[in-house]
Every structure is written in C-alpha cells, then in structure tokens.
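Make a model of the complete structure from these sequences and hints.
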Amino acid sequence: MTIKFEGIDLIPADGYILNFIVDGKDETIFCDGIEELMSTVLTEDEWVDWLSGEGLPLLNGEKINDEVEFAEEYIDKTADDFCVLFEN
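The sequence shown begins at 213 in the numbering used here and counts up one residue at a time.
What the hints contain is simulated information worked out from the structure, not anything from laboratory work.
Computed from a predicted model, the values in this text were never measured in an experiment.
Note that CB positions come from ideal geometry on N, CA and C, so glycine has one too.
Heads up, a few of these hints could be off.
[To be verified] The calculated lysine-lysine pairs, modelled on DSS-like cross-linking and capped at a C-alpha distance of 25 Å, are:
id, residue 1, residue 2
1, K216, K289
2, K275, K289
3, K237, K216
4, K289, K237
[What the hints assert, rightly or not] The calculated label-pair distances, taken between Cβ atoms and stated as ranges, are:
id, residue 1, residue 2, range
5, G236, P269, 19 to 25 Å
6, E299, D261, 28 to 34 Å
7, S251, N231, 16 to 22 Å
8, D235, L263, 34 to 40 Å
9, D238, V260, 31 to 37 Å
10, G236, N277, 33 to 39 Å
11, E274, A225, 28 to 34 Å
12, D278, D238, 23 to 29 Å
13, D235, W259, 29 to 35 Å
14, D288, G227, 18 to 24 Å
15, G265, D244, 18 to 24 Å
Below, the structure written as structure tokens:
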C-alpha cells in the first residue's frame with residue numbers, strides 16, 4: 213500500500229478533513245474538532261499536557277505553536293503509520 217498525505221482542510225463548525233492519496237485514490241479522515249485532530253498526533257501524555265495549556269511538544273527539535281501546522285508536519289512525516297486506517 214502506498215500512502216501520501218495531502219494536507220488538512222478546515223470545514224465549518226470546527227471540523228477537520230485529513231486528505232490522503234492511498235494507492236492512487238483520494239481518501240479522507242474526518243476529525244470532529246481540534247481535540248480529535250490533536251489526539252491523532254499526540255501521545256496520551258502530550259495530549260493531556262496540551263489540554264492543560266503546556267503547549268505542543270517539539271517536533272523534530274522544532275517548536276511549532278499552531279495546532280494544524282503541527283498536525284500537518286507530524287502526519288506528513290508519519291503518513292505510513294496511517295495505512296492501517298485504510299486497510300479493508
């Protein structure tokens with residue numbers, strides 16, 4: 213299976229669509245709000261820290277303060293890990 217991350221779209225009412233190309237087909241994952249989006253890219257401890265106001269962890273030694281930018285960078289680097297979501 214080949215997978216390529218294509219980005220995140222914000223939709224009305226604070227929803228997010230994660231866009232992928234999987235084996236040449238457009239595929240999407242819907243996240244209902246920023247909390248659900250961040251739960252896809254943070255460990256449990258990181259998520260709790262983020263929710264409590266401690267900010268986001270470093271990503272490859274870099275500090276990113278914007279949640280969507282952080283999620284895009286993380287997913288872009290780990291897209292292969294998302295293959296299990298598209299298996300039949």
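Status of the hints after comparison with the structure:
no.: 1; hint: K216 to K289; in the structure: holds (10 Å)
no.: 2; hint: K275 to K289; in the structure: holds (16 Å)
no.: 3; hint: K237 to K216; in the structure: holds (10 Å)
no.: 4; hint: K289 to K237; in the structure: holds (20 Å)
no.: 5; hint: G236 to P269: 19 to 25 Å; in the structure: violated (34 Å)
no.: 6; hint: E299 to D261: 28 to 34 Å; in the structure: holds (31 Å)
no.: 7; hint: S251 to N231: 16 to 22 Å; in the structure: holds (18 Å)
no.: 8; hint: D235 to L263: 34 to 40 Å; in the structure: holds (35 Å)
no.: 9; hint: D238 to V260: 31 to 37 Å; in the structure: holds (34 Å)
no.: 10; hint: G236 to N277: 33 to 39 Å; in the structure: holds (35 Å)
no.: 11; hint: E274 to A225: 28 to 34 Å; in the structure: holds (31 Å)
no.: 12; hint: D278 to D238: 23 to 29 Å; in the structure: holds (25 Å)
no.: 13; hint: D235 to W259: 29 to 35 Å; in the structure: holds (30 Å)
no.: 14; hint: D288 to G227: 18 to 24 Å; in the structure: holds (20 Å)
no.: 15; hint: G265 to D244: 18 to 24 Å; in the structure: holds (22 Å)
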